[in-house]
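Asker: Got chain A; can you put chains B and C on it based on the hints?
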Amino acid sequence: MKKRLIPLFMSLFLLTGCGDGSGLPFAREMGDMALLRTMGVDRGEDGGLLVTVSTGRRARGLQQEAEPPLLISAAGGSLSEACLTIQGQSDNYVFYGYVDQLLLGEELAKQGVEQILNYYARDLELSLGAQVWVVRGTARATLDANQEEGVEGQLSVLQTGSEIGAAGIARTAGELLSDLEEGSATFLPMLQTVDDGEAALVETGYVVFRGEKLVGVLEGELAKGVELLMSHAPAGVIQGELPARQDILQERQVHTAYHPVFQGDELVSVEIRCQVTADLTEFSDKLSNEQLELLRQKVEQREETRIRMALTALQGWDADCISLGRKLGINDPAHWNWLEEHWEDLFAQISFDVIVEATIRCTYGAI
Amino acid sequence: MQVTRGSENDHPRPEQIPHYPGPVTMENVQRIFCDCADFSTRTVILHNDPGRQVTLCYINGMVRGERVNDYLLRPMAQDPFLASVEMSKVFELLAGGTLYNLYMDRQSSLDDVAQDLTAGNCILFFPGQEEVLSFAVSTEEKRSIGESDNEPALKGARDSFVEGVRTNTSLVRRKLRTPDVKLREFIVGRHTRTPVDVVWIDGITPMETVEEVCRRIDQMDIDGVETTGSLEEYLVDRLTTPFPLMAYTQRPDRFCGALLEGRVGVLADGLPLGYILPGTLEQFFRTAQDKAFYWTMATALTMLRYCCMIVTLLLPALYIAIVTFHPEAIPVKLALSIAAAKQEVPFSTIFEVLIMLLAFEVLQEAGLRLPTPIGATVSILGGLVVGNAAVEAHIVSPAVLIVVAIAGIAGYTMPSQDFSGALRLWRFVLAVLASVGGLFGLACGIAALIHHLAGLESYGVPYLAPFTIGAGQGSGRPDLTRPPLPKMKWRGGVYGLRNRRNQK
Amino acid sequence: MKQQISSQQFFAILWAALMSPAAELLPAVTVPVAGRGAWIGILLAAPVMALLGAVLFRVSRKAQGGLAEVAMSALGSILGRAVILLYIVWGIFLLALRMRLCAQRLMDAGYQDSAMWFLVVIVAGMALWMSLGKLPAFGRTTQVFFGVLVIVAVLVVGLAAPQVRTENLLPLWKEDMMPAIRSALPSLGCLSYGVFAAFLVGNTCWEEGDGKRWLWWTALGCIALALMQLVVIGNFGPGLVEKLDKPFFDLAKSIGVKGAFQRVESVIAAVWTFSDLVILGLLLRAVSTGARTAFPKAGGRAVSAMALVPAAVCALALFPDGITPQSLSRGPMLWVGVMLGGGLPLLIAAIAEFRQKRK
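Chains as they are written, first to last, in my numbering: chain A, 1 to 367; chain B, 368 to 871; chain C, 872 to 1230.
Next comes chain A alone, as it looks inside the complex (with noise of 0.2 Å):
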């Protein structure tokens, strides 16, 4: 038993603070640290990064008394710089575990994100699940703008709307990386502050990437077409459409395939088929079924347009961010070969053939 008990004591060293340290991790109080949320980069002067970082609004004690949130800002060489001074900056361990939340400024957009995106693969705090969003002008002027409420609240509620189908497409890091890996495009959704009164963030559209930079904006109806191609419903309605009614439909469900169009071994156009699924959710009086016919063609129609807007746009940047390249390859494997070898060039050229069925599928007694 005492030769048991001996080098038990003697590993009791091991906890003491002899040398250069004990060795054991470094425990760390919950309450003594800044929980970071929200992280925006911008480019920096001298071509370096600045980096604000936001807690979200906070709270202390038992009774849970509301502070405003944590606001800290560091410029950097590097992002692993300008994080360390931003430690430095603040009274409490910040720790940027929490961190699910990426703003990116429209400047940085232009120089290139994928530094941005690696250091978040390789860091230990942070995470390539954290959503990602470009912002107009500056992420810093962002957080500045929102820094009584924080913009924890209002991102979360887009990232939440985005699951349901009440928000734009939302984007995490993980993806954005793998898309620049796997392809050479990508896209983001864009937000923009709006201040009436109170300072809000509001969907834009989308930003396109070609390689790592920004390439172009895709705002509107443009933003509409690219949801539709990435089979996202669009949130919004549609109304309007017959001439002296007040129809409003709201888009559910949205299915695109695509299916490349070879002659021999050429490829001569590309199908995109596109199925939609609306519900009438608001109308002035009752819709006859030829009313609802003539609906159901001017909805097609319409998007139609969007899809063949966000296209030609696309093409437009040569930016293929919308993976269709590989989406025709898994419906056709047999050709992948050939299309991974000559879609890059193909992609600003190729013809659509585009082809979009609508269903109307609740009416709530409309007819």
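By construction, these hints were calculated from the structure, which means they are not laboratory data. Heads up, the beta-carbon is just placed ideally off N, CA and C, and yes, glycines get one too. Treat the hints with caution; some may be incorrect.
[Claimed, not checked] Using 27 Å as the maximum straight-line C-alpha spacing, the simulated DSS-like pairs for lysine-lysine come out as follows:
| id | chain 1 | residue 1 | chain 2 | residue 2 |
| --- | --- | --- | --- | --- |
| 1 | C | K1228 | C | K1168 |
| 2 | B | K871 | B | K854 |
| 3 | C | K933 | C | K1005 |
| 4 | A | K110 | C | K1114 |
| 5 | A | K213 | C | K1114 |
| 6 | B | K854 | B | K522 |
| 7 | C | K933 | C | K1114 |
| 8 | C | K1129 | B | K700 |
| 9 | A | K286 | A | K298 |
[Stated by the list, open to error] Some chain B residues judged to face chain C by a derived CB distance under 7 Å, without partners named:
| id | residue |
| --- | --- |
| 10 | A696 |
| 11 | A810 |
| 12 | L816 |
| 13 | H819 |
| 14 | A821 |
| 15 | G827 |
[What the hints assert, rightly or not] To list a few chain A residues with every Cβ distance to chain B over 10 Å, as calculated:
| id | residue |
| --- | --- |
| 16 | A75 |
| 17 | V157 |
| 18 | D265 |
| 19 | W343 |
Answerer: Below, chains B and C alone, put in the same frame as chain A:
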């Protein structure tokens, strides 16, 4: 009834055998029991013939006066035959049935005579005879058979073991009426002379286990069987573990159920419980109610107990590890709430948890020592003062209180108090390891615990049986579920049973 | 008396041990070869593993022992001892490598301010304690560890499966088949750690039907590893998988149940310590068994300690940075594993069969 004695030994505590040498005479017996104020003798005249006298000796308080009067004195006084036959034949008549006592022994050694007197027998000395007659007329002052305190019966029999070993064996025999139930008795303790019975079912229980249990009891050379520990710590395979290696029960139905599974039972005089050997982990999660309830409910409750074991063992340590070393694993809102509450608490999370765990143990111990009326007050004070006031005074944060309370309550679901005690000890160990090394420290602690349990054996049966399948062992029936009884056709195979099938 | 484990315990030891290198190496070593089809390689490696196991069982039964006894009886005392010594040296090197990689993984999972030596010493101490105990106890421990590891792995893969993107996995066509076949080699290299279990064949109580069970365990284990790779590649895409250091543990970063738990990579990394302890224990026992067979006067417990101490020292001295052990493990060690874990045992088995037929 077989009686075996402790074996001769040549270790530093030799026992003189016989303890009382010499012939069995009245003078020798009086010498043995000198300074015993309760030792009495009585000279009895046989059927009013002063020439025919016998001497009775007994210990006051141990014998039942009515039995002595009715079964011994009355026939000796009233039977005319005793006065008419030759004196040389009277002894045989008395031994042969003239005295109306069922239990009678002829004794020829002083040791046996002394033991019988202390057991409550009445000894009859006959002039000119080297042997004496020993009549069992002891008083049966014992606790009546009532309900078990620690294993309440919601559905089923409500009897429980009492302090008398013979009463306990009768309870067993009433439930197992087969003559295959075998009993072997040992006398343990030089000064307590406690009868200890080993019980098994012939044809089911492996004889190797029976012989090993008997061998260990036979080798016990102690002063006496004072408490349960006097037997347990001599019968288990290993003492360097806080986990119990022998299950016990106060309920005869559970005891008999274990015998039917092929285990060996041990009953000791003075202890109102029966031991069940070998002891395996799943036994300490079973209650007697499991077979009484419908199988779905029994299964759910069994799984709940296992979950509670994990909760009581790991929750405080997991809280320390995650909050202190890996906070990113906590959902955001909970993390913000914990962080907000922690800001006003001066102590570290590690210290908070360890202090609350200690406070919980102190309250529990205090509750055990106090008389029942005051004990309830202490519980209320403990809950209100320690719990609520500590939080209001920012001594601890609410989350810590909840964690420790849940862990404590989960521990109370363990049917075995011994097992629950072992879990409480390991809870502290794991909490300390988590505070030193976070989740890695906790993982190492869990690995050490599992390896420790895996290394335990009870009479050749692994402690983790039947969750693990070892070499040469048939597959058991992992007791995470309690299948319907018609489907439980096989006794557990891990015990080397001779007869595994238990129904058609 | 020889300590014995059951066949179920043997299989549990083998696969619990393999989960450690598998989580680290797969699909990091198969994706550079086969891209999207990297998950196919392990399925092609399964029959090879099954065949190798069947052959080794057959010759081991005749030699009434494990791989060490087979080597001695097939190759003679001098060559047999040389081969066993080779496995001992390789085993000690793998001990050092696995301890270092285990410590590195823990540091990457949240212990960045802990000292490397601390983690190595603790893991080494635990492994030594577990290997000094009885083999049946080690078998029982491993069965419990295996159950926990399987539950955790199923949770990780199950929660990550809905996040799989089809375009990361497809299309797969005939052009992808050759690379997929080539990826079977690094998969075999990963599975080659299992050859050390062959040293325990002589300590296992084999029963009727264990041959079939071996096939089932091999098939299910390889299917599970294929599924794991499928989910990892489906989540990240082959390009990103190549960039990540530990794709499986990075997958754990992205799983969670809203409102319940999230970011459980540190929990997964800590639980995977069980697998590391099993593989370290297996290596120690194999080294100890081999040493006792080759040099019968070698004491069992002393050999374990004598193997572990230099391994721990090498873990710290040979690999001061995190890059060297990783590149060794994903490069040369895989090919050494294929040779020593597959080729050499097959050769020994063939010689043993030949000698047996000549008798």
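Asker: All hints, please: hold or fail.
Answerer: Right, here's what the structure says about each hint:
In summary, the hint linking K1228/C to K1168/C is not supported, as the alpha carbons are separated by about 32 Å, beyond the 27 Å threshold. At most 27 Å may separate the alpha-carbon atoms for a hinted pair to count; K871/B and K854/B meet this at roughly 10 Å. A threshold of 27 Å between alpha carbons decides the hint, and for K933/C with K1005/C the separation of about 25 Å falls inside it, so the pair holds. Between K110/A and K1114/C, the direct Cα distance comes to roughly 24 Å. Compliance with the 27 Å bound is thereby established for this hinted pair.
Straight-line distance between C-alpha atoms of K213/A and K1114/C comes to about 20 Å, which keeps the hinted pair within the 27 Å bound. A hinted pair counts as satisfied when its Cα atoms are at most 27 Å apart, and K854/B with K522/B qualifies at roughly 22 Å. Only pairs whose Cα atoms come within 27 Å are accepted, and K933/C paired with K1114/C is rejected, the gap being roughly 48 Å. Our distance criterion of 27 Å between C-alpha atoms is met by K1129/C and K700/B, whose separation comes to about 11 Å.
Taking the CA atoms of K286/A and K298/A, the gap is about 18 Å. The hint holds against a cut of 27 Å. Contact between A696/B and chain C, as hinted, is supported at the beta carbon level, the nearest pair being about 5 Å apart and thus within 7 Å. At a threshold of 7 Å, the smallest CB-CB gap from A810/B to chain C is about 4 Å, leaving the interface hint in force. Because the smallest distance between the Cβ of L816/B and any Cβ of chain C comes to about 10 Å, over 7 Å, the interface hint for this residue is violated.
Interface hint status for H819/B: violated, as the beta-carbon distance to the closest one in chain C is roughly 9 Å, over 7 Å. Nearest Cβ of chain C to the Cβ of A821/B: about 4 Å, under the 7 Å cut. The hint holds. Here the hint on G827/B is broken, as its CB sits about 11 Å from the closest CB of chain C, past 7 Å. With 10 Å as the threshold on Cβ separation, the claim that A75/A sits away from chain B holds: the shortest Cβ distance comes to roughly 26 Å.
Its beta-carbon lying about 14 Å from the closest one in chain B, V157/A satisfies the requirement of being farther than 10 Å from that chain. Residue placement check: D265/A keeps its beta carbon more than 10 Å from all beta carbons of chain B (closest about 52 Å). For W343/A, the non-interface assignment is confirmed: its Cβ lies about 40 Å from the closest Cβ of chain B, beyond the 10 Å cut-off.
In terms of the numbered hints stated before, the structure departs from hints 1, 7, 12, 13 and 15, listed from lowest to highest.
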